[in-house]
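2 protein chains.
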Amino acid sequence: MTTKVKQSPRERLLEAAATLTYRDGVGIGVQALCKAAGVSKRSMYQLFKSKDELLAASLKERSAAFAARALPPADDGRSPRERILYVFERVELQAGAPEFHGCRYLAVQIELKDQAHPARRVAHKIKANLTAFFRAEADHGGASDPDLLARQLILVFDGANARAGIGADHLTGLIAPTVTTLLDAADMH
Amino acid sequence: MTTKVKQSPRERLLEAAATLTYRDGVGIGVQALCKAAGVSKRSMYQLFKSKDELLAASLKERSAAFAARALPPADDGRSPRERILYVFERVELQAGAPEFHGCRYLAVQIELKDQAHPARRVAHKIKANLTAFFRAEADHGGASDPDLLARQLILVFDGANARAGIGADHLTGLIAPTVTTLLDAADMH
Chain A
-6 MTTKVKQSPR ERLLEAAATL TYRDGVGIGV QALCKAAGVS KRSMYQLFKS
44 KDELLAASLK ERSAAFAARA LPPADDGRSP RERILYVFER VELQAGAPEF
94 HGCRYLAVQI ELKDQAHPAR RVAHKIKANL TAFFRAEADH GGASDPDLLA
144 RQLILVFDGA NARAGIGADH LTGLIAPTVT TLLDAADMH
Chain B
-6 MTTKVKQSPR ERLLEAAATL TYRDGVGIGV QALCKAAGVS KRSMYQLFKS
44 KDELLAASLK ERSAAFAARA LPPADDGRSP RERILYVFER VELQAGAPEF
94 HGCRYLAVQI ELKDQAHPAR RVAHKIKANL TAFFRAEADH GGASDPDLLA
144 RQLILVFDGA NARAGIGADH LTGLIAPTVT TLLDAADMH
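Here the protein sequences come in this chain order: A and B. Those letters in the first sequence? Residues -6 to 182, per the working numbering, in order. Those letters in the second sequence? Residues -6 to 182, per the working numbering, in order.
Bear in mind the hints are in silico, worked out from the structure with no lab data behind them. All values reported here derive from a predicted model rather than from experimental measurement. Be aware that a few hints might be false.
Same chains, same label: a pair holds when it works inside one copy or across any pair of copies.
Here are the computed lysine-lysine pairs in the DSS-like style, where the Cα-Cα straight-line distance is at most 25 Å [unchecked claim]:
1) Lys44 with Lys34
2) Lys106 with Lys44
3) Lys34 with Lys118
4) Lys28 with Lys118
5) Lys53 with Lys106
6) Lys118 with Lys(-1)
7) Lys106 with Lys(-1)
8) Lys53 with Lys(-1)
Bound-form chain A, shown alone:
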């Protein structure tokens, strides 16, 4: 049995922003966001300076959950190589879900053409953390060139999310052999 805790207007706005921008894009209007959240425009502007700030906050709010879902638990006994493969197994799993549109942080960065947009900066930071995870694991696993391997892995992560997100590839039988080939070439253990 789950008990539904009543959400505050702030929480409802953050959830509406996350859900609607992921489904419909960053062009979603303030009116639609407020309607979905059941919050007046006036209340929204009391809580957030602007729609841009609301989008940024909604991405930030989800970043811990994203990391918890995307990354293996710390010190879980997996080797660095297995920890990297874990991330890509999760991508393949998520890609099969209905309503999957790829990585929300990549989409936001592509959709918002202004690099200085607060939501784009948040998204950039979250993905930089993922790159740092790859870099650290590459280092621990004795990769011949950890910087190169980390760049390759985040490129494959974004490429896989983009391809699956637009429905151009289901990723099955693609992502594991690709990552394995790159790990082998880097002599990762």
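Dock chain B against chain A, hints included.
Frame of chain A, contents of chain B only:
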């Protein structure tokens, strides 16, 4: 000396749509498009059924130029392996240009959430042609699994364009070793 041929309203609209959607996204308004093209709204709607049709036509219009720029000339003496590498050299070269925002066909597919949108269908078709190029070269080069290699190459193509397009990677020293590793693993000659 170049002679500037006077463009028709249709050509000006196609160019404005291509330029402005690439720079500002697919959310660009009809008014902005018409203003940039120096064409009245009424004339636009006489030429195109809708903004959606204008976007689709502008992508289609550029597809031949895209292929000419992205792909090596037919029967140019390069090996299949070199022909594939050529495509990625071009990506790296373009990524260094100012105003580069990645592959316009990928961006359009990510930005337009509706798979049935006419512009999204055009973009999908153009990228499917690129995948078919990779598939044919993989076959000619004796790749151990041409289907897998083609899927890997278009994944790297989209990943590299996405990463460079959002300014997260400059691709130098990344794309050539990545593609070479995948070609080697597939025993491509």
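* Asked: Can you name, in rising order, the numbers of the hints this structure does not satisfy?
  -> 3, 4, 6 and 7
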